Structure formats: C-alpha cells, structure tokens
Amino acid sequence: MNWFHWLANPARFMRFAARLQPWIMALGLLTGAAGFYFALFASPADYQQGETVRIMYVHVPSAWMAMFIYVVMAAAAGSFLIWKHPLADVAAQAAAPVGAGFTLMALITGSLWGQPMWGTWWVWDARLTSVLILFFLYLGYIALVNAFDDPERGSKAGAILLLVGVVNIPIIKFSVDWWNTLHQPASVARMDGPSIDPSMLLPLLLMAAAFKLYFLYLLIVRMRGELMARRIRLLHLSDVS
Amino acid sequence: MTPKRRRLSIVLIGLAMLGTAAALVLTAFEDNLVFFFSPTDLAEKDVGADRRIRIGGMVEDGSWKKYEEGLRSEFVVTDFQNAVKVVYRGSLPDLFREGQGVVAEGKFNGTVFTASEVLAKHDENYMPREVADALKKSGRWKEGEEAK
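Top line first, the protein sequences correspond to chains A and B. At position 104 of the first sequence the residue is numbered 104 (the working numbering), and the sequence of numbers has no breaks. At position 111 of the second sequence the residue is numbered 111 (the working numbering), and the sequence of numbers has no breaks.
Treat the hints with caution; some may be incorrect.
What the hints assert, rightly or not - Heads up, incomplete: computed chain A residues facing chain B, CB under 10 Å, no partners named:
#	residue
1	Ala34
2	Gly119
3	Val176
4	Trp178
5	Trp179
To be verified - Straight line, CA to CA, 25 Å or less: simulated DSS-like cross-link-like pairs of lysine-lysine:
#	chain 1	residue 1	chain 2	residue 2
6	B	Lys4	A	Lys156
7	A	Lys84	B	Lys107
8	B	Lys66	B	Lys107
9	B	Lys85	B	Lys65
10	B	Lys45	B	Lys107
11	A	Lys84	A	Lys173
Unchecked claim - Covered stretches of chain A, going by a simulated chain B footprint (3 or more residues, C-beta under 8 Å):
#	stretch
12	135-146
13	208-218
In short, the hints are calculated from the structure, not lab data. Here the structure is a predicted model, which means the values were calculated and not measured. Note that CB positions come from ideal geometry on N, CA and C, so glycine has one too.
If we strip away everything but chain A, and leave its shape as in the complex, we get:
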C-alpha cells in the first residue's frame, strides 16, 4: 500500500512508467507473436467447429479484456471518489477508449463466429445483451466525462457512472449459468478445470497475456499524454491570470 501511495504521485509515476514502457512493449510483442503463431498455425482444428475455432483466440481474450478494463476503471473511479487520487481519474479516462475497443472487438468477432456456428449473427440472449450494455457503458462514460465545462465535475460524474455500471460485470460473467442462453458457458474459468484441450488452451492464454500487455502499454502511453495535456492546461491558466 505504501508503494502504491508512492507511485500515486504523478511526476514519479511518469518517470517510472517511462522506464517500464519499452519492457512491456518487448514482452507484449513476444507473447503476441508466439500467440498468433500458435493460434493460426500450431494448433489443431476443433472436432466440431473446424478452423472456425481460431476466432476464439481473438474473441475470448477481447471479452476478458472488456471486463477486466472495466473493473480496473471502476476501481480507479472508487479511489478517485474516496481518496481523491488525481492519477486514478487519469487512469480511468485513459483506459476507457481501449476498453470500448476491446468490447467492440469481442462483439464483432463473436458475431463472425455466430453466423457459421449458430446460424445467426446476433441473438438477444443474456450474455450478448449484457456485453452490448457494457459497450454502451464505455461510450456513455466517455461522453459524460467530456460533457462538462469543468473537467473536475466531469470526472466525478463519470466515476459515479462507472461504479453504478459495475453491477453489469457479474451479470456478464454469470449470465450463462443463471439463465438459458445461446452462448456457451465458460470453458476456462470453471470449478472442475478447463474443458478445453491443452493444445488450444496454450494459444488462448498466450493471446490473453499479449492483450493484457498491449492494454498496459496503451494505458501508459495514454496516461502520460493525459498528464502532459493537464500540465499544459494548467500553464495556460496561469498565463491568463
């Protein structure tokens, strides 16, 4: 916790993040290259789905990221509202478009898989609908944060929206267990171990790691940009007065 507080200082964070950035990029490129190789070439076709199973290696990590980023943003929103960490607000705003992007990717790749496998692009079942709501939550947050003349008020309103929207996350996760859905239940995070063959689990986990590192990289880039933009804004304000 002390370490966390030490890092919450924006200037210190920027120095620390700048040093971390190339390492994250190198590790991300490495896992990403390995992940793509295994996903596209070195993994078997599925006994039912055939080659279409490869969509899963993009779809599932995207969907995981969509939920993961939202949880990160909600946690940041909470610490911004409670402890007034300015860096937490910067992090939430920097992560939002990335999360929206991953959610859109999960929706599109899922639709591309659904057409040949289920026989339809889209159905209004609980899983698909709750993920669509997640996408709108991301867009709503981005719009709300920028809707105020006073950025501080935008940050606060946005943080409250993020916390309210967090109820959607368990609904997404457990929708396939609570209700009959067309979407299949979880294959990896289950009580009795993954129901996915190790030869397919490996590329999936590699891609998941690569996506996570990619997010971390983008987050640092965007946070540094946002911190710089805020500093410029402050300089302008002090010039005027």
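Starting from the known structure of chain A, arrange chain B on it as the hints suggest.
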C-alpha cells in the same frame, strides 16, 4: 469520521444497495431473461399455442429425419427428462447434429413444436478431432453429462 471514511462508506453502501436492487430486478424478470424454455418447462407451463417461443435442448440420438432432400426435417429435442417433437422447414446450421445442443424458435400446439428458425448451440468443449475420437473409443465421452 474523517471525510475519506465517510466517502468510503457512502460508496460501499451505495454499491450494496445497487447490487441488491439489481438482484431483485433480475430475479423478478427471470422468465423474460431466459433465451429459451426447456422441454420440461414446456411440459410444466402453459405457454399458449399462439405465442412465439424458443425451446432448447439436445437433439435426441436417432430422431433426426430428413424429407424432401433435407428441406424439411423432424427431430426430437430432449433435456433427458422430457422431450418435444420439432418439425422445421428450411436449412439447418452447420453445427446441427444429433446429440448436440439446439435452440428452435416457433410455436407449440401442445404436441408438436413447429419451428421457423433453428440455431445450433455450441457447448463449452473444445478439442481436436483425435482427442474426441480417443475419448469416444475409450468410452469416456461426455461422462460428465450423464451425472447431471
């Protein structure tokens, strides 16, 4: 109480209330949130012959009959307790197989379900063909399903 602790408790109480409200709403709308009814639901509830509904379950082994070169098909959807006969005119999705999950949309007249759309439901098992064949050969195929 410091302002920080006050804000913390406001956020926590707010989240708890929101969670309760969401849970209550979702339980209340349970019937509208299910994407399909099981054959057992159909046997227990009176859904009405005019309402368009969806039913889901497994296509019973050996029940799939094709007529008119596959344009018209008949099969039985089961949840291993109750079963419903389905008639359908149209092309079936790639994943449609006996012993696989299926969701059909249409009307139920009390004995036969007339489907206007059939979707294949994929299960959560992913494996290469060799593994599936080996499992079938050793008799350990879908042993988890029987336990349910």
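We went through each hint and held it up to the structure:
no.	hint	verdict
1	Ala34	19 Å, violated
2	Gly119	3 Å, holds
3	Val176	9 Å, holds
4	Trp178	8 Å, holds
5	Trp179	5 Å, holds
6	Lys4(B) with Lys156(A)	15 Å, holds
7	Lys84(A) with Lys107(B)	57 Å, violated
8	Lys66(B) with Lys107(B)	20 Å, holds
9	Lys85(B) with Lys65(B)	11 Å, holds
10	Lys45(B) with Lys107(B)	14 Å, holds
11	Lys84(A) with Lys173(A)	30 Å, violated
12	135-146	violated (count 0)
13	208-218	violated (count 0)
Going down the numbered hints, you'll see the structure goes against 1, 7, 11, 12 and 13, while the others check out.
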